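Please build the complex by placing chain A on the supplied structure of chain G, with the hints as guidance.
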Amino acid sequence: MSLVNLKGLSVRYGGNTVLSDVNLSIEPGEIVTVVGPNGSGKSTLLRSIIGALRPSRGDVSRAPGLRIGYVPQKLHIDPTLPLTVRRFLSLPVRVSDARAQDALQQAGAGPLAGRQMSDLSGGQFQRVLLARALLSDPQLLILDEATQGLDQPGSAAFYQQIATVRAELGCAVLMVSHELHVVMAASDRVICLNGHICCEGEPEHVASAPEYRALFGTGTQGALALYRHEHNHSHDHAHNHNHGPDCDHSHGDAKKDIAS
Amino acid sequence: MMELFDSFLVRAALAGVGVALAAAPLGCFVVWRRMAYFGDATAHASILGVALALAFDTSVFAGVLVTSLVMATTVSTLSNRGYAMDTLLGVLAHSSLAFGLVAVSFLQGIRIDLMAYLFGDILAVGRMDLAVIWGGAALVLLLLWARWSALLTATLNPDLAYAAGIDPKREQMVLTIALALVVAVAIKVVGVLLIAALLLIPAATARPFANTPERMALIAALIGALSALGGLQLAFTFDTPTGPTIVCLAAVLFAASSLGDLLRRNALRG
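So the protein sequences, as listed, match chains G and A. Counting the first sequence from 1 gives a position; the working numbering is that position plus 938. Counting the second sequence from 1 gives a position; the working numbering is that position plus 79.
A couple of the hints might just be wrong.
[Stated by the list, open to error] If you want a taste of the chain G side facing chain A, the calculated C-beta under 10 Å gives, among others:
1. R985
2. G989
3. G1007
4. Y1008
5. I1015
6. D1016
7. T1018
8. R1025
9. F1026
10. S1028
11. L1029
12. P1030
13. V1031
14. G1052
15. D1082
[As the list claims (entries may be wrong)] Restraint ranges, calculated between C-beta atoms of paired labels, are given here:
16. P1148(G) with L347(A): 54 to 62 Å
17. R1037(G) with K248(A): 25 to 33 Å
18. P975(G) with S184(A): 58 to 66 Å
19. R995(G) with L341(A): 54 to 62 Å
20. L341(A) with P966(G): 52 to 60 Å
21. T153(A) with P1148(G): 49 to 57 Å
22. K1012(G) with R249(A): 21 to 29 Å
23. K248(A) with Q1086(G): 24 to 32 Å
24. V1031(G) with L88(A): 41 to 49 Å
25. L342(A) with P1049(G): 27 to 35 Å
26. G967(G) with V170(A): 47 to 55 Å
27. Q1098(G) with V170(A): 48 to 56 Å
28. S138(A) with P1002(G): 44 to 52 Å
Just so you know, these hints were derived from the structure itself, not from any lab. For clarity, every value in this text was computed on a predicted model and none was experimentally measured. The beta carbon of each residue, even a glycine, is placed where N, CA and C say it ideally should be.
Chain G extracted, bound-state conformation:
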């Protein structure tokens, strides 16, 4: 049985229809990635699934007692709120020290328990968010552009962690990402969203679909070229690739500014 089932979901937001007639179901254990341009309703889709937004039409049904682990796009912690990593993991449900430490290990954030949340670097912060999401023993892990603000090696490592976690827990993963090349290689199913579902299917299928080309063909030549490139060569050289003409990301040191 599906974990989540969306039937004809439409969401209006301040007079604009952000999503219309979205049909989608997520099966146990699969990795589903949502791609789409800015303002295409990706976050709206995820927020409808966790129950933060009410659909204006259609229906969102979750499997009874579904446990969701949610990693938000951005989490601003007010500097007036003192919060250690350990305390954060016990929100809202208290967990034992042993479980907290396990979750941190699993998310690749082992030694951070005693640190203040506000002192973490961007990458550490995202890993702690992931650790917290794992503590609910989720059947469905939802990540909303979880690698925003991380550099490329950082986000590649983060997605590697997600794949490891999925292998260990067997949970389904639903994520939004801009990093098409990394994400599409790791997904079972890709959904291309632009207010509605333009196309969906296996990554290879979506990448060659005309709807997808229309949305991403010109703006992200670099990423698309890279994606193909990775599929043509299966050996491991993810960080020594050539950038396409429009690809302006760099391989700098880890940025520290995501949490501030």
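The following block gives chain A in isolation, referenced to the frame of chain G:
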């Protein structure tokens, strides 16, 4: 034992401590959620409650509680409707204060009491007031204690709350009710104009000493109680108005705490 409550100073001390113990932990949420003006607006609206209670000859506590609740709910509802929060609160806080003051002027023969409601009159706390204050304070603490984890999660991020099955709007409502209760019990102690100070200053003072939210709430409560007792003592010694003296002492403690924190940080930096 019962004679103890006959002393107006003992009653005043107990009233001050009771209000401080409830206001400080709630004040932490006010600080974390950046609702400082929200507390102000709710408090200012309560003068209208005083006027209405006097006009209809009902208890001031009930009048204040109702208007505070109405005010807080109005602000919560309007907050996502186009105006920036601080603009909206500025408009509502000051206009409700103005309306309250005008309404009071219509009532004959109670103009003398106005100062007591604006700045509090802790020395006039009676046994009944004391029961109301401690009852209200206990209720607020109970509410915070029962919903602590949910409140904290909703404060951190509404979406995290939703994903965990917590409705952040309900938690906001809990805080709104707690705030109205604190305003209603604190009006006798520090008055309408200084209630927000009792919420904010102890919480802000506690921040440098805390590494978890719980510790911050606890330290804030202690600092609040200390300010109440010390302020009462100072007001008695120097014959100054009690409510403002309590707030002055809290402010001095805040300055000391901030300065200490600054020096410590500089020392750490070498």
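Verification of the supplied hints:
For R985(G), the suggested interface contact is upheld, since its CB lies about 6 Å from the closest CB of chain A, less than 10 Å. Satisfaction of the interface hint for G989(G) is found here, the shortest Cβ-Cβ separation to chain A being roughly 5 Å, below the 10 Å cut-off. The interface hint given for G1007(G) holds, since its Cβ lies 8 Å from the closest Cβ of chain A, which is under the 10 Å cut-off. Look at Y1008(G): its Cβ gets to within about 3 Å of chain A, closer than 10 Å, so that hint holds up.
Because the closest C-beta pair between I1015(G) and chain A is about 7 Å apart, less than 10 Å, the hint holds. For D1016(G), the suggested interface contact is upheld, since its CB lies about 5 Å from the closest CB of chain A, less than 10 Å. Taking 10 Å as the C-beta contact cut-off toward chain A, the hint placing T1018(G) at the interface holds, the least distance being around 5 Å. At a threshold of 10 Å, the smallest CB-CB gap from R1025(G) to chain A is about 5 Å, leaving the interface hint in force.
With its C-beta approaching chain A no nearer than about 8 Å, F1026(G) sits inside the 10 Å limit, and its interface hint holds. Taking 10 Å as the C-beta cut-off, the interface hint given for S1028(G) holds, the closest approach to chain A being about 8 Å. Here the hint on L1029(G) is kept, as its CB sits about 5 Å from the closest CB of chain A, short of 10 Å. Taken as an interface hint, P1030(G) checks out: its beta carbon lies about 4 Å from the nearest beta carbon of chain A, inside 10 Å.
Residue-level restraint check for V1031(G) holds (minimum Cβ-Cβ distance to chain A is 7 Å; threshold 10 Å). At about 9 Å, the closest approach between the beta carbon of G1052(G) and any beta carbon in chain A falls short of 10 Å, and the interface hint on this residue holds. Of the supplied interface hints, the one on D1082(G) holds, with its beta-carbon coming within about 8 Å of a beta-carbon of chain A, less than 10 Å. Taking 54 to 62 Å as the suggested C-beta distance range, the pair P1148(G) and L347(A) conforms, at roughly 59 Å.
Here the CB-CB span from R1037(G) to K248(A) is close to 30 Å, well matched to the stated 25 to 33 Å. A hinted range of 58 to 66 Å for the beta carbons of P975(G) and S184(A) is consistent with their spacing of about 60 Å. Between R995(G) and L341(A) the beta carbon distance is about 55 Å. The supplied range of 54 to 62 Å therefore holds. At about 54 Å, the CB distance of L341(A) to P966(G) agrees with the hint of 52 to 60 Å.
Between T153(A) and P1148(G) the beta carbon distance is about 52 Å. The supplied range of 49 to 57 Å therefore holds. Checking the proposed 21 to 29 Å range against K1012(G) and R249(A) shows it holds: the Cβ atoms sit about 24 Å from each other. Between K248(A) and Q1086(G), the C-beta spacing of about 27 Å keeps the proposed range 24 to 32 Å intact. Between V1031(G) and L88(A) the Cβ separation comes to about 46 Å, which falls inside the hinted range of 41 to 49 Å.
Evaluation of the 27 to 35 Å hint for L342(A) and P1049(G) yields a pass: the beta carbon distance comes to about 30 Å. In this structure, G967(G) and V170(A) meet the distance hint of 47 to 55 Å, their C-beta atoms being roughly 53 Å apart. Distance hint for Q1098(G) and V170(A): a CB-CB separation of about 52 Å, consistent with the stated range 48 to 56 Å. Our hint of 44 to 52 Å for S138(A) and P1002(G) holds, since their Cβ atoms are close to 48 Å apart.
Consistency with the previously given hints is maintained throughout, with no hint failing.
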